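Given the coordinates of chain L, assemble chains D and B onto it according to the supplied hints.
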Amino acid sequence: MRVHTAPHVFWRTRRGQARLASLAVVIILLAGSVLVLIPFFWMISTSLKQASQVYLAPPIWFPNPPQWGNYVQAVTRVPFHLYAWNTTIIVGLVTIGTLLSCSLSAYGFARLSAPGKNTIFMLLLSTLMLPGAVTLVPTYLLFNALGWVGSFLPLIVPAYFGSAFFIFLMRQFYLTIPRELEEAATIDGASVYQIWWSIMMPLSYPVLATVVVFTFVGTYNDFFTPLIYLTDESKRTIAVALSYFQGSPRIGPQMHLLMAAVTISIVPPLILFVLAQRYFVRGIVMTGIKG
Amino acid sequence: MDTPHPQPQIAVRQSARRASRRRHIEAIHAYIFMAPAILGLLFFTLGPMVASFLLSFTDYNILTDPRWNGLANYDRLFNDELFWQSLRVSATYSIVSVPLGLVVALGLALLLNHKMRGILFFRSVYYLPTVISGVGVAMLWRWLFNGDYGIINILLRGVGVRGPNWLFDETWALVALIIASLWGVGGTMLIFLAGLQGIPQELYEAAEIDGAGRWRQFTSITLPMISHVTFFNLVLGVIGALQVFTEAYVITGGGPNNATLFLSVYLYRHAFQYLNFGYAAAVAWVLFLIVLALTLLVFKSSPLWVYYESERPGRN
Amino acid sequence: MTHRIRLSRRQFLRSAALGGAAFASGMLAACGASPTTPTGQAPTTAPAPVSGEPTKIRALMWSNGPVIDENFKVRAQMFNDTFKGQYDLDLQLLPYDQYWPRIDLAYGSKNPYDLYFFDVQAYGHYRAGLLANLQPYVDLAPELMNAEEYPVKLYDAWRFDGSNLFGLPENIQVLALYYNRDLFDAEGLAYPDETWTWDDVLDAATKLTKRSGDETTQWGMDVGVMDIWWGAQTLAWAMGGGFFDRIVEPTKFQVSDAVNVQALTFLRDLIFEHKVAPTKTQRSATAQDIGIFQTGKVAMFFDGSWSISGFQDVPFKWDMAPLPKWKDTRVSAYWLGGHIIPKDSKVIDASFAFARWSATTYQKTMASNHDWIPIARSARESEEMYVGQPAGLRSVLGTIEGARLGDFYSRNNQQIFGEVLLPTFDQLFLGNMTPEEAAKKIDEEANALLAKG
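Chains as they are written, first to last, in our numbering: chain L, 591 to 881; chain D, -7 to 308; chain B, 1060 to 1512.
Okay, chain L solo, but in the shape it has when bound:
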């Protein structure tokens, strides 16, 4: 057989080189994965221990029998379904708001010219440069004056008014899209809004997916903002509930329960990330233009 006869030549062929490269990539990635995953392994291992096993040295890696009950406890200690629902509402509305407001604004900044545009852009960017700790107090007083404290509004509404980070990110991507497409569409009589919606948006799936993942993870994990603005226990989110597993400065956490809760909490963003990868493919429209 031909393949058989020339193993020493195989790596010189194009296919062979590709295979070899893939092999090298897999080896590097595997080694890195081990480093990345070890802490997670420890986390899951701890989440399956009895309270007394947490303290053993050297540590037990495979608790036997695994205490699946820790997960039940972590979920039943708090009204988990209610918190999951609150989280869904907040994360969902924030993600939609961010996508809409940021992609609109970014298009304006990337493609259209208007007096003062660059000043506005730098102003926008500068909002990222001031530490949040010092704007927290005036912002709280503002939302308090609006009567929003205690409701979801301080968490959701700002998302509909753009975020400098995502506007900047999307602007960068829009700037790389060839202008010919828009020029052609303009000649066909499309308005700027149609161009934004039917050309720019579909062309930027990878960045949109990035924005969705970032917004989701950021909002999902944020426990500080809800703790500051929400008062009612029935309005808590999953991240907030997690922060209650920490104990206090003196009375430490029940590590096994905390780790069980943390493990559960990383599942939804992980699922989202896997789903979002479908949109991580090179521009669908892009290939269409060629022909």
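Hints were generated in silico from the structure; no laboratory data involved.
On a predicted model such as this, the values are computed, not experimentally measured, just so you know.
One should not assume that every hint holds.
Computed cross-link-like contacts, BS3-like style, restricted to lysine-lysine with a CA-CA straight-line distance of at most 30 Å [what the hints assert, rightly or not]: (1) K1334(B) <-> K1386(B); (2) K825(L) <-> K1511(B); (3) K1339(B) <-> K1384(B); (4) K1402(B) <-> K1143(B); (5) K1384(B) <-> K1269(B); (6) K1384(B) <-> K825(L); (7) K1143(B) <-> K825(L); (8) K1311(B) <-> K1386(B); (9) K1405(B) <-> K825(L); (10) K1402(B) <-> K1169(B); (11) K1511(B) <-> K1311(B); (12) K292(D) <-> K707(L); (13) K1356(B) <-> K1334(B); (14) K1499(B) <-> K1334(B); (15) K1405(B) <-> K1169(B); (16) K1500(B) <-> K1132(B); (17) K825(L) <-> K1169(B); (18) K1212(B) <-> K1386(B).
With the C-beta cut set under 8 Å, the calculated list includes, among others, these residues of chain L facing chain D [to be verified]: (19) W675; (20) F699; (21) S703; (22) G752.
Each residue gets a CB set at the ideal place from its N, CA and C atoms; glycine is no exception.
For chains D and B alone, kept in the frame of chain L given last:
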């Protein structure tokens, strides 16, 4: 402020009036598109920013009304040794962690851009660390960096090196936090990955035909074609690194002996623990000016190294 | 939690509470269950509920994890059941890191909570003129000042202006010596008790320290909280010293006094001279961030009474004893937990009713919950208090009367803790500084900060 990326001049000969009318209409559209951002600035962000600026000239403890005290906070700040210490810590951290983070993120993105089976799995693994919330992360890191049982020192021992007791060692605590920052590089990596998706495959095919090697392809195609995301990651990396808070606050608490006292930790303490909010605002505005200066520097330099498809010379 | 967190913030959990028997425990036990307000317990100043609407009280406490938090919610429910139609306490719990910013923001937006739990930070609120003087209310509730039932002398620390009480205590904490019984048994040594001196501790620790080559496999002791300023100060007190001149608004730090330096030297020598206790570095390596005592590798450990619940799950037998004496003298440190009320609260009467109920009727429940130590003697010394608790707890609680407050109150105490005491003690116990150097540095820097007020 200067135009970082001037829009290409429209060099079509038309009557001046028609051009002006077109510009006028375009500007209206532009404002409509930018409306969410502009309104957001007006409603939610500029007000609190200005307020914090004014508060930096007051004696304010959050509890009671602020009292004007002129430049006293700024005067005190420049004479506070801990302020300078925290500035040093933040600067050292940024200078090392930003370039390192960019290189590692780009390297990972390149590997993860490889077309092969199982790549989805790997991408998820490397993104995983950014998904976990702050509460769990601190525990993980303290365990990882433990002098005796920490996995890092176990690995080092494997190659015959006796690792330091990272988080309790003045010299190594900051290094530990820089290493920790690499673990969270998944976000930057994802942005690079999104950038890599936008490079037309034809470019590589053409280069291949021209006989360009892999390195040549990387420097002449990949790097320029993702320079717009590199630019983004650099700007946001600098902004983020100078404000890094959670890691230092939850993992080392600023210690040992202030070795990891980041500016943001220093100002948080003053704002919410020492009841010196006015002073914290002054620290924040000094930090703001530093970040702004650096950002402008990066923007100024961008025409030298950032390449946008839509600005290809001779395009219009 | 871990040493790192513990050292990085020095607060404890002394507030909160649970609790126990009130001063006439028989009568009150009956009222706890009864919805009718007992005579003598009715808040004399409470307004009669208008149109059947109960008075709403917005209260805040910090979270201590799911189990203790649940006890707090039950407590609020008990109170609301007891005063049905009269009061409606809405108790929220926040993680400690968000607890103080939230209280500050509530003040800043002119909408303060009606009641919250005390920790040192609250002294800043007093200094800003925001706390209600509770003395007039206490005067109308004489049972609260019954010296037979309450350690009222210890309340003086909360008379911030020298005469009026600004908070109502409901629980108390002291320092203790914890020991691993298994390790003492293995060595055939007698357990520590209330007669032990620091020399006895050093003797036992020397015998209990096991080495194998360069490596220490078992430590005679761990200095625990004795390497924090308020822990170390207990030894200085016993020797006749003290780190500053007074608790409320100290004017001078005097750590450099010979007696104080002697105390620091003794503690430091346990680690670096006698090598019977691990250094911070060795401790963190051994402790794996679960707490070094829990690993079973140290025979003795110093910590507050708040740690009892944290040691419940350890895989060995342990007990506790009072803090050791220096020669003939023992001075432990105590901390009060209790309620404070903003002066701008619209419902001070109702809020005080809760504080009062917590310090009386509720004390018995606190005793049986085993999370906080009731301030009322009848509850603290009741049988319920010791069910399932370490045998030494009773004698540890016996040291409360002679103890001194392990805090000081000044406007910028948080800054003195965070920028001077904490890092300097760290350096001292890391072996990077001599006791003399550390003492000098603390005096200079802390006095400079005190001067700024």
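Here's how the hints hold up against the structure:
Between the alpha carbons of K1334(B) and K1386(B) the distance comes to roughly 22 Å, so the proposed pair stays at or under 30 Å and holds. Note on K825(L) and K1511(B): the hinted pairing is violated, with a Cα-Cα distance of about 43 Å set against a maximum of 30 Å. For a cut-off of 30 Å, the pair hint linking K1339(B) to K1384(B) stands: about 24 Å separates their Cα positions. The straight-line distance between the Cα atoms of K1402(B) and K1143(B) is roughly 25 Å, inside the 30 Å bound, and the hint therefore holds.
With a C-alpha separation of about 25 Å, the suggested pair K1384(B) and K1269(B) falls inside the 30 Å cut-off, and the hint holds. With a C-alpha separation of about 51 Å, the suggested pair K1384(B) and K825(L) falls outside the 30 Å cut-off, and the hint is violated. A distance of roughly 25 Å separates the Cα atoms of K1143(B) and K825(L); the hinted pair therefore holds under the 30 Å criterion. At most 30 Å may separate the alpha-carbon atoms for a hinted pair to count; K1311(B) and K1386(B) meet this at roughly 27 Å.
The hinted pair formed by K1405(B) and K825(L) meets the criterion: a straight-line CA distance of about 26 Å does not exceed 30 Å. A threshold of 30 Å between alpha carbons decides the hint, and for K1402(B) with K1169(B) the separation of about 11 Å falls inside it, so the pair holds. The suggested pairing of K1511(B) with K1311(B) holds, with an alpha-carbon distance near 12 Å, which does not exceed 30 Å. With a C-alpha separation of about 17 Å, the suggested pair K292(D) and K707(L) falls inside the 30 Å cut-off, and the hint holds.
Distance check on the hinted pair: K1356(B) and K1334(B) sit about 15 Å apart at the alpha-carbon level, within 30 Å; holds. Taking the CA atoms of K1499(B) and K1334(B), the gap is about 25 Å. The hint holds against a cut of 30 Å. A hinted pair counts as satisfied when its Cα atoms are at most 30 Å apart, and K1405(B) with K1169(B) qualifies at roughly 12 Å. Our distance criterion of 30 Å between C-alpha atoms is broken by K1500(B) and K1132(B), whose separation comes to about 45 Å.
A threshold of 30 Å between alpha carbons decides the hint, and for K825(L) with K1169(B) the separation of about 23 Å falls inside it, so the pair holds. In summary, the hint linking K1212(B) to K1386(B) is supported, as the alpha carbons are separated by about 25 Å, within the 30 Å threshold. Here the hint on W675(L) is broken, as its CB sits about 19 Å from the closest CB of chain D, past 8 Å. Taken as an interface hint, F699(L) checks out: its beta carbon lies about 6 Å from the nearest beta carbon of chain D, inside 8 Å.
A cut of 8 Å between beta carbons decides the hint on S703(L): the least distance to chain D is about 5 Å, and the hint holds. Of the supplied interface hints, the one on G752(L) holds, with its beta-carbon coming within about 4 Å of a beta-carbon of chain D, less than 8 Å.
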